[in-house]
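J.: Sequence:
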Amino acid sequence: MSQRVSLQSLITLSVLSVGILSGTVGLAYAYWHAKQSLQTTVGITFQEIARQSADKAALMLANEIEWLQRLSALPSMRASVEGTTQVGPVAQEFERWREEQNRYFHSLAIVRADGQLVGSRTSEHTRTFYAQQPWWSVVFRDNRPWAGPFTVDEEGRGYWKVAVPIGGQGGPVRGALKVVIGTDRILSSILGS
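Its first residue numbered 38, the sequence shown is counted upward by one per residue in this note's numbering.
Source of the hints: derived by calculation from the structure; they are not laboratory data. Among the clues, some could well be false.
[Said to hold, decoys possible] Once the Cα atoms are required to be at most 25 Å apart in a straight line, the calculated DMTMM-like pairs of lysine to aspartate or glutamate come out as:
| hint | residue 1 | residue 2 |
| --- | --- | --- |
| 1 | Lys93 | Asp151 |
| 2 | Lys93 | Glu103 |
| 3 | Lys198 | Glu85 |
| 4 | Lys198 | Glu101 |
Please work from the sequences and hints to get the whole structure.
T.: In structure tokens form, the structure reads like this:
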């Protein structure tokens, strides 16, 4: 009792099988191609946004350093590290200005080349401590600004350390202006992107 399959039903079954197989392969390829295109497009878009954000951050950081260099070039700054002005009035003016900038700076210090804080008394240990900091040799030996990495403290607040030389144009470095800047403003503009 063998069943006979007609030639017509065999051809119909073959055509149907080939159609289903080619349709499945075509749909799988279309899905894969669409997925790859979407990943490429999204990747390029995010890459461009990241590049623009990095350029914006680099510009902001360069502006911060430039602003601190202009601040360190003020005659009162040079006079305070050279000792040509009375320390008391300079220290008072400095403290008043630092209090006005309290939201922006976490700390701010003017340090002479001998390690002495302007307007304060320091111990030999503090002078040695400053001389061992990574910014010391860059500022005093290389006569150029130093910028540290972004750092986050235990409380989750970000900050950025910057030190710039204080001295005459083309002359020796007399001191350094070292600041710790809060990164909230810088990072908020990046996160906004």
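J.: Determine for every hint whether it applies to the structure shown.
T.: We went through each hint and held it up to the structure:
no. : hint              : in the structure
1   : Lys93 <-> Asp151  : 37 Å, violated
2   : Lys93 <-> Glu103  : 15 Å, holds
3   : Lys198 <-> Glu85  : 28 Å, violated
4   : Lys198 <-> Glu101 : 11 Å, holds
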